[in-house]
Each structure stands twice: as C-alpha cells, then as structure tokens.
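Fit chains G and Y to the given chain E structure using the hints.
Residue numbers (full-length UniProt numbering), protein chains in the order written: chain E, 1 to 214; chain G, 1 to 308; chain Y, 1 to 274.
These aren't lab readings, by the way, just hints derived from the structure by calculation.
Treat the hints loosely; a few may be bogus.
Sample of chain G residues facing chain E (criterion: CB under 7 Å; computed from the structure) [as the list claims (entries may be wrong)]: (1) Gln199; (2) Val203; (3) Gln213; (4) Gln217; (5) Trp284.
The C-beta atom is built at its ideal place from N, Cα and C for all residues, glycine as well.
Below are the chains, spelled out letter by letter.
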Amino acid sequence: MSAILDHLPEFWEGLIVTLQLTAASFLGAAVVGLVITAMRVSPVGVLRGIGTAYVETFQNLPLLVLLVLAVFGLPEIGIKADLLVTAIVVIALYEAAYIAEALRSGVNAVSAGQGEAARALGLTFGQSLRHVILPQALRTVIQPLGNIFIALTMNTSLAAAIGVVDLTAAANRVNLMEAQPIPIFVGAGLAYALIAACAGFVTGRLERRLVMVR
Amino acid sequence: MVSMKRMAAVAAVAMVGLSACSGTDSGSSAVPGVPGETKGGDLLAKAPVAAAADILPGSTMEKIKQRGELIVGGSLDAPLLSQQNPTTGEVEGFDADMGKALAKYIIGEPKVKIVNSASETREALLSNGTVDVVFQTYTITPERAKQVAFAGPYYSSGLSLAVRKGTAGIAKPEDLNGKTVIAGANTPAIPAIKKLAPQAKIVTFGSDPECMQALKQERGDAYVQDETLLVANAQKDPSVQVVGQPFTSDPYGIGLKHGDEQFKKFVNDWLKKIQGDGLWQQTWKNSIGTVVQGEAPTPPQIGSVPGS
Amino acid sequence: MSNLLFDEPGPRARRRIRVATVVGAVAVLGLLALAVRQFAANGQLDAARWQPYATWPMWRYLLDGLWSTVLAAVVSAAIAMAAGLALALGRLSRRRWVRLPAAAYVEVVRTVPALLLVYVVLFALPRYGLDLPLFWKLVVPLAISNAAAFAEIFRAGILSVERGQNEAGLAVGLTHGQTMRMIVLPQAARRVLPSIVSQSVGLLKDTSLGFVVSYAELLYSGKVLATYNGLLIQTYIIVALVYLVVNASLSKLARTLEARQPRAHRPRRRLARA
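Just chain E, same shape as in the assembly (with noise of 0.2 Å):
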C-alpha cells in the first residue's frame, strides 16, 4: 500500500493527464463526429464519400498505429505539436469515427415522417438537419455514446506508448522504482472503473431525463 502513498503525487499527475486526454479528445470527436454526421447524410456525393471514407479508415487501423504515425510522421510534413496535443488530436479523429457511426444509426432511427414534415415546412437541409433530426438523433443514441466515452477513456492509456506520462504511464514508472505490481496496477485500473463509472452515471441520468415517449 506505500508504494501508492508514497507515489501520491507522481499518480495524481497523471490522473490530471488522462482525464485532460478523456475530456479534450471526446470534446473533440464529438465535434468532429457530428461534421461527419452532417456530410454523410448530406445531397452532396463527394461529402458522402469523404464522410465515409473518414469512417472507414479511422474504424479499421490501430489506434497505437495512427500514434506512432502522427507522432513520428506529422513533423515531417511541418506539423509539430506537443506529444499531448499531438495525442488528444489523435484520439479526437479516431474516436470521432465511432461517434459518426453511432450519430448516424440514431438519424437512421428518426422516423421518415420527421424529414419529410421538415420539408413540408420548407427548412432547408441545414436547418431539419440542426432543429429536428439532429436533437432526436442524439437522445436515442446517448447510451452508444457513453459506450464511446468509456472506450475512449480506456483507450487514452495507449498514449503512454508515444510518451505521454498519463495515469497508466505513471503507474508503470512508479512500480519500475517500486517493484509492487499488484498494488500499483490495481490502483490505477480502479481509478478508470471509476472514471467509467462516474459516465455510466450521466448518461443514466441524461437518458431517463431526455428519453422520448413514442
């Protein structure tokens, strides 16, 4: 057990670290989900195929894979960014696949009937797209993404393999020095239950709050 206490600061650090991964990356692939979203649904062919080209191949490559790349390759094409960026970035576009994904079966699940109700009122694409599939996509879908959320938070630890000194990161250094696995390991995993947990709460709440009676 002293081989947590005595390493108290070194595991909050990279606590801090992983839950600014968590949040910034899934700040950023919803964002980026939703522009995803948006092209694959949209009249344009080529958005489509941009939008499902983006899907396919974020879906099908490793994400330590796309680390190593961008860490290593982005420098060369005169991007250089800080190895947490660089990494929050990663994760953002990889997990923003996933969420498009997710984004998209809930569009799919809105009745015709609204689309074509928002076209009889006249709202261009845009527009039913922002005020009336969008808002009833999201509430049907909101289990998937705190799915996403827990996976994305789980996979924020592979950012130990280009560096970035996050909890899983810190957990391996410290039991380097301490030799106590068990305890060391156990810690940090409870530690992400916990962080999982603390999702599966909300999107508790916000489903039995936002769920429509049809």
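Same frame as chain E, now just chains G and Y:
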C-alpha cells in the same frame, strides 16, 4: 463499393500467399546468403567445442547437448548486439554471436533458439527453466544476483549522451537538470537520469529509432542510451553527435539459473578460453567493432564485479 | 434513408450541390497535395527510403508478422467468445449467485484498459512465479477484456429473441436449458453475427499491443524492421496500410452479413467498442 471489393480481393490474395509461404519456408534455404552471414559462419567454424569430459553427466550442459539446442533469452531489436535481420531471419550482433558460440561449445553446432524477453521477465524465465542462458545487456548487480547466477562479466559498456549537432550547454549528465531528456522505455537510462539529474523531464519511446527520430524532431534536448548504440546512430546520421564519456559502467553478465554453480563454472571456463584464443576479440570486431574505431578492448576480468 | 433529408433537387439546389462538390473535392485534394509536398520536401519520399519495401524479404517478414497477428486474434477471439457466451448465459440466469458474479465481471472488466491488463500479465504475474510464454502474454489479457464485450453482444442477441419463442419451448415440455440451447441460441447466434465480426475487427486491432509485449505480431515486426533499416516512418506507413486492407475486408464482411438480415431482427447494438 467496387474499391471495397477490390480491397477484399487483395486481402484474400495476401492471405493465400501468406499461408503458402509460412508453410514452405521453415528453413532458410530459400534465402540467398548475404556477405555478413559467411563472416559469422567463418567465426563460428573456428569456435571451440568442449571436451566430452567437460559435459558432466546429469549437468545442465548435458541436458542442453541432448536437446541439441541452446535456448537463449535475448532481443530481436538491439542493433549491433542482438538484432534480427529480416532478410535472413538470423539474429546478428555481439550478444547473438556469443550465444551461438556457446551453443557450439556445448553441442558441437551453433544451434540456438532465441526467446524474445522483456527485461523485467528475465529472472522468471531463468528460474522456471524457460531459457538456459540470457545474453541481453544484462547488467550484473548484487540485487539481481539474489535471483539469478551471473557468469562473466563478458562485456562492459555504459550510458552516454547524444544531442543534435550545435546544441550548447550539455556535456555531462548533471547538465540535463531542467532539460527534456529522451530515453528508451523500461531501459536503465531512466533510473540513471533520475539519480544524476533529478530535475530532468524524461520522455520515453518504445525503440531506438523512435528515440532518434524524437531527438531529431526536437522532442527533447538529449538522448540517453548505451554508448555503442549512440556511436552507431551518430555515424549513420551526421545531424546527431555523442558528447562526453560514458557516465555509468555496466558490466554485462550471462544470466544463468540461480544456484547452478556447475554450469556457471563451465560458462566461465568457456569465456576464458575464447578470450585467450582471440575469438571474443573477433566477435567484437564483427559487430560493435564495425562502428567503434580501434582494436577490441580488453575484456573485463571474470568475476570482478559484485554479484558475479 | 437517402431521401430522408432532401427531395429531388431543383435547379438551384443542383447548382449549390455542384458548388459544394467542387469546394469539397478541392479542399481535400489541396490538403493531400500540400501534405505530400511537405513530405517530399523533407526527403521522406526519396526512392531510396521506399526501395526496401519493393523487395520480397521485407514483405515476407511483415506477412509473417501478420500471420502472428491473425493467430493471436483467432485464439483470443475463440477464448473470449466461449467465455463471453458463458458470461451472457450467467447474467441471464435465474440464480442470483450465478447472475451477480457474471454481471460484476462484465461491468468491471469493461472499464479496465487492455493495456493495464497487459502490464499486469507482463510485470506483475512473473513476480509471483507465473511467467507465461510471449504469445499468451498477449492473448490472455485480450481474451479477458474481450470476453466482457462478447458477453454483452450475446446477451443483446439472446434478449432480442421474442419471448414467445421461449414460452413456446417451455410449453412443449422442454427444460429451460433445452429451450435455450435448441430454440433461443440458434436464433440469437444468427442475429449477432455482424456484431461478432466487427468486435473481432476490434480485437485484431488490439493485437497491436504486441508492440508492448514484444510478441512478433505485425506492429512489433514493423518495430524490428525499423530498428534494422532505420526507416521508421516508411515502415509504419506500410504497416498501417496492411492493417487497413485486412480490417476493411473484415468490416465489409460484417456489413454483408448485416445486410442479409431482416431489419426487425437486428438486436440493438450496445457499441461496446470504440
């Protein structure tokens, strides 16, 4: 849609090719020999074989000889020491050649199987008998000697510093305080930096080329790694230079099962033999000597280190 | 779906669509061209840096790595699916002492990163005398974490089978076990097949953690190659392309399977992975 189908077809072809090739090329006969290989072969042709009387009945040596293969704990991605050559599938370098020479000494043929081992698991691999010996930049420490036996030391090296050319103000480890330092993940460089420059910020990457790329892309001010590797890197890449002398001294030992005094004496006798007849020096010249100028160093005195 | 949000476009809309098409295409192509130009300016496109990947030995080495990836993925998937099925049945059991542990396993493991499990197997277990061979150091953590995901997929599939099927089975005198085995599971299995395939794609991606374990799968093979030839960026680009081709083929398979199902029978997916 069409492109997806084509992709699927390509993948299917790749899979077929894959299963076909993994079925046929279990041997290396399909691969044309490369110059480096024959050099290693020459070296091993000269390597000594133990007298039958030295392979004591019931000993570890006899067990290995009967198996016909020496199982070595080592790496596949340590350039100059133990690096797999993808063209031939052979593992090359100083540690790898030492392992082959020891195999020949015991069995009569340089037959080894390398078990790729993470550095944290070597003690366990030795104690549960998964591997016979470990050749993997295994620094002898009294701490580790409580769990494993060390023959040797068979080589001595140390950590050094590399920086981008033109970097001022970094000449010794103490200068790293307040700087960002690159190190390989889970390498001895991390505790060494923590000790000598506690205010340094350490970033770790998975492999040597990743650390080099990170140094060139200015993700850190210096890169701490084994001197031999740094010298080799600096030679390949003129934008990087090694500064100062090695600031640690790491005597590498041959890891053996704890308490196997008989095998330890046997391996130490072998080391003495190959150091006496010039084989050790030649092995060095073939690997590390290709990047470090000058003659082979004097091998460290066997048993000279606490823990050996 | 395609006409949910827009009608057959009129002349003005068609003009706007044309403009958006051109702008979108130009933006994407422009960005790509800029990136490639920068890449070339840094010498990363020099023929000498790519030449090794025109030779067979390099590819053979990578394909050997891919073979190891597939092997690890198949073995972990087999274990995870068997365990997942047991967990799903356990979670739906009428006995509390079976239901609770199964539910606890799924809910806890779902929230622990696979990398952390890898670290436990890699660093913690050897200290207690359990040092698994490399292959199992990768497969065991992946199987543990994916079992939870598969359990949720199976559970959703079983729950999607109409209650009447179960009641009918019991009514003709089958036991609970027989009903589950002969009536419910065969129907559920067909419905969850697409989810199983896409979860397996995820699992295949997870085997890239072999990079950490130093098990010679595709990504780790790339790492060994890069230390050998020093071509870090080129090697990882090639590795990424191989993953893309293999996984895109599998995803395509999942979609084909899904398209064959009548819509009403698709279980509500609980997107466990991202």
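**Request:** Could you tell me which of the hints above the structure violates, numbers in ascending order?
**Result:** As far as the earlier hints go, 1 and 5 are violated by this structure, in ascending order.
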